[in-house]
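**Student:** Sequence:
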Amino acid sequence: MIKSSYLCVFAVLWCSIPSIRSQLNDVETEWHCPQYWVQYGNSCYKFVKSPFRPRSEAHRNCLAFGADLASVNTLDEHGFLINQLLQQDPQHRQWYVGGKQTSPGVWVNDVENNIPLIDVESALLPEQHTTLNKDYIAYTYSVQLQKWGFEKVPGDRYLLYICEIPLNKQHLIVEERSYKYGYNIDDQQKVPRGPYFIKEPTDVVFDSSRISITNDVALSCVAGGYPTPTYEWFKEDYDNQDQLLSTKIDPLSNKRFTLSGGTLIIYAPKRDEDRGRYHCKASNMFGSVISESIQLSFGFIGEFNLQRPLERGNKNWGKTIFCDPPQYFPEVRYYWVRESFPNLVQEDRRVFVSYNGYLYFSSLEESDAGNYSCNVQSEVSNTGKNGPLFPLHVVTHSDYQQLILPNSFPKAFPEAPIAGQEVRLECVAFAYPVPSYNWTRKGSPLPKGSYLTSYNRVLIIPEVQVEDQGEYNCHVFNDRDSTEKSLILTIQAEPNFTIPLEDKHMDHQSDLTWTCEAFGVPDVTYKWFKNGEPLEIDKLLPDDQKRYLIQDNVLSIKYLENEKDSGMYQCQARNTLKTRYSSAQLRVLSLRPSFKKKPLEPEIYGAEGKNVTIKCNPEAAPRPKFTWKKDGYIIGSGGRRRILENGNLIINPIGRDDEGMYICIAENVYGTAESHGKLIVMRGPVFIEQLSPQIRSIVKHDLLLRCQAISDELLDIAYVWTHNNMPLVNSNAELTGHISINSGELYIHNITLEDSGEYKCFVHSVVGEISSTTTLFVDGPPGPPGGLQVEVLKTSAKLQWSDGASNGRPITHYIVSARSQWNSTWHTIAADFIVKEVDRYNGRKEAFLENVLLPWSKYEFKMVAGNELGFGEESLPSPQVNTPADRPYKAPTNITGGDGKIGDLTIVWKQLPPQDQNGPGIYYKVFWRRLDHDTDFQYETLQESGNIGMAVVHIKPEYYYTKYEVKVQPFNSFGAGPISDPKVIYSAEDMPQVSPQQVFAISYNSTAINVSWVPIDQSREMLRGKLIGHRLKYWKKDKNEKEEDAVYYLSRYVRPWALIVGLQPDTEYYVKVMAFNSAGEGPESERYIERTYRKAPQKPPSSVIINGINPGTIHVTWRYVQPTLEEEPIKGYKVRVWENDQDMSTANDTIIEIENKLEAYISNLTPGKVYKLRVLAYSNGGDGRMSSPINTFQMGSFT
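Sequence positions in the sequence shown follow mature numbering (1 follows the signal peptide of the UniProt record, and there is no 0) and run -22 to -1, 1 to 1177.
These are calculated hints, taken from the structure and not from any lab test. Owing to the predicted nature of the structure, the values given are computational and were not obtained by experimental measurement. Some clues are possibly wrong.
Each pair of labels, with its calculated beta carbon distance range [unchecked claim]: (1) Leu1028 / Gly899: 41 to 47 angstroms; (2) Ser190 / Asn349: 29 to 35 angstroms; (3) Lys836 / Val1025: 26 to 32 angstroms; (4) Arg1030 / Arg1065: 53 to 59 angstroms; (5) Leu123 / Gly587: 51 to 57 angstroms.
The beta carbon of each residue, even a glycine, is placed where N, CA and C say it ideally should be.
Can you make the complete structure from the sequences, with help from the hints?
**Tutor:** Below, the structure written as structure tokens:
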């Protein structure tokens, strides 16, 4: 990671000084593998993925590259090739390599002078078949073992193969030349270049049904190049010998054809004359290229057979209905209609329309009966045809459909899918009940991007790939049965160039090896073209036949000549699906050396003690010879200087005496050129302030680390900080706010123990790197104790542990915490206790904690150690330990009583919680005596009742509501616990024997009556308990209402009055009153009769007008409210005002008596505030209705 950070900083400096950047590379390897070859060690490897060849031809094809079949000589090389196969061959095909069996078990490398191969047998996969006549080896993938290995194979098997060539072969020197090489033209669009296709033509389907709208068809191709290419179109056909013939289309001789640029327009196309295959040809002064062939077709849809018999099916049985479509081209989509268009048949779990137009019912229902029609529509236009309507009859059947897969399901559409197409896997079953579906793939997950649709009946693979082929399984099931069936999906692939042909710009009389490679299923065959015509060696001139060699996808030309060999070449890759071309231009060059495009850089910078490469890269053909001069003197290759074959000068290492003016001279048969540049040697950075070797700090403190360096003025320097060899950067979100870096300053805020360690300050420039190191020690609280062990002795504990890291300061104290099964919260049980060392060799410590535990409990313990800087982290919990059981240590608390029936003494207490029971078998013993009468306690043992919190003992009935002194004592299986302190409680109460006297009632308003009485005698003999409240009984004075229908109102107050609400206006009520205590209610009082007031005002005041008097006072007026005979006379009015942002419950009422004017002055309002106001009338019947709507006003807004 540090290295990557350095590279990042290095790159920043690199880009900041353009004149230096290209000179400060390390020495690059002189030899490089060509494109599409992979380097390992001193060899280059090519994995030839096309064509498949028997071993002899594979060997010959490798020779065409100047290579040979790969020779696997070491285990490391074997591992490298397997790793490449894992990356390059997901289809797991077989690959020839060098190796031949000369006798059983004896293998030699037949591509390297028959050198014996050792341990080949150990690398072979287990034999699957007979090994007869299998004398060669090939890399093979074992599905069973899930790995690559060697397999014995016969030499006539068509396989792929791996070629190998030494890295230092002369022709492997890679020199990049583009189509601009040798041209000094500023306008890039006018650089001479041969034709190349920008847009290939595509298949065209002419819709015959649209002749009245569009009666022409256009075939188009677009090519680039300079001069601008011209175009020709050809129609392809085959002669009697099945040879392909291309007939040029001449627009001058047929007026139906027009050629505009690369577009061929055919007017009034005729099916019989114009359908077929076409290709385009683009040409300019450098040659010609031909396009891919495309198909011109004519789309049509015929007529349905209108005579369609009825269909019949059984209820709860499956049914298939064939569409019987007309003839058509190209593909069509199917739609089923029921009764009439547009009532399309909707798919559901029972109903399914297949890609081929079949209509399936998993099980018919009576509702499926009706008239159906199949309709088709073209996929390339909106043309369609409607089939005839025919009836479907559903017949009742006594049985039901068993689960089956009809019509060879599952199926794949299209039946022969091609890579890149959408593949649809369908699965339909007949069954009752309706089945469910699930798709899986044997040995692999479903392809990425695939999805299920149509209730999981259909698996869609949107853009299928070759690696998606395999066995797919459809599992069908319902409540009664299940079945499954699989299909093998095989994917074909049109040719696709994995290695396209590339332009070549070669020296005169040099040799060319040109290769292309395409992938396709079935495998592709290759053919070469020059300037649009097949390149057939036997048709070349005799001298040229010796120079040309074609081996499948490899073209070799020796002794290149401009006039004979320059031109446009094409590699044709073809299989049964399609033919494709890869095009490139060959230029044979003869150029005088020129530094116009790539002169030496004027100033070249190097780092003292490092290396520098001075590049000399003129344009020249053939490759020139190079001579170097320094300060006017010729220098040679040797010692610290090396002159590479490509002209570059390497100096390693650089010294100050290497500074000077360097000249590169390039010379070939056509002339000489030179370029010069000055080499400047620069020194690296030097420290002026370094880090201290050691630094000590304390946790939660801040720290500044600082280092400073100087360098050459022309160079920038960069600082990089690391902590324990991990880079520190400000952009790290985890360090934000904790560490900040400013060049040579590193600031650490709130230091933690994790910040201790080694810190390095690196100073970089493009010419060197230096570093300074310090070790930071951080003192802090101790680390957690370890190895905590506990031994329990009744309620005491003996602890042993080992101290954690002291973190710079001695440990002085400890805290022990614990938790039990009764409470999951950790709590402190001991601190500042005596500690002793029990083993000085391992540092074990021990402490004894007395009486800190509870009996009959399961404990865990933790420790934390402290020093003068505070406490550290807690230890891990100790193993669980159990304390022995003992008698209870605590007495019950919260003792109360008093409830129950007469003759009962109820004693209630809080049971001992589990942690205080100290053992099993908990129970209680209760004691009681009459206060101030009895001397001895009576008692009762409740052993059978267990852990209860209440006991009821019987006393004489005359001792109702009498004070008793009670106690409770706990017991368990190990003995008795302490007796609680005595508590005074009352025995159960008796019902009151006294009734309220002088009951009086008066109307409160129209819906309420206020009832009062003389307070009752609350003596023990009369009340026989504690007075809780009063119960009021009321009913209407009405012939239809009796006392048995009375309503009861409970007043839980001891006061001698109560308000009965919810009554009807102007109605007489009888009222009775009773006192009650916890035992019940006493005798009823005499009844009293009272009438409620008539209704409150039912009409609100109207015409409410508000006028401002001053900033704090308003004047309000309203109209009189006339009461009806059912209402009480009005006593006055209330003007209700409250703040706008408050609730009406906060309102203040201003009361205006009836004898006053109908106006009110409201004072003490706050200027500027907004208020709300309503007016209402009131009477003995209560408050009337308020004025509406609410009046809203703001103080100070009145005019």
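**Student:** Hint by hint, say whether it matches the structure.
**Tutor:** Results of checking the hints against the structure:
Checked against the hint of 41 to 47 angstroms, the C-beta distance between leucine 1028 and glycine 899 comes to roughly 45 angstroms, which is consistent with it. Between serine 190 and asparagine 349 the Cβ separation comes to about 33 angstroms, which falls inside the hinted range of 29 to 35 angstroms. Taking 26 to 32 angstroms as the suggested C-beta distance range, the pair lysine 836 and valine 1025 does not conform, at roughly 60 angstroms. For the pair arginine 1030 and arginine 1065, the supplied restraint of 53 to 59 angstroms is violated, since their beta-carbon distance comes to about 23 angstroms.
For leucine 123 and glycine 587, the hinted distance range of 51 to 57 angstroms is satisfied, since their beta carbons lie about 53 angstroms from each other.
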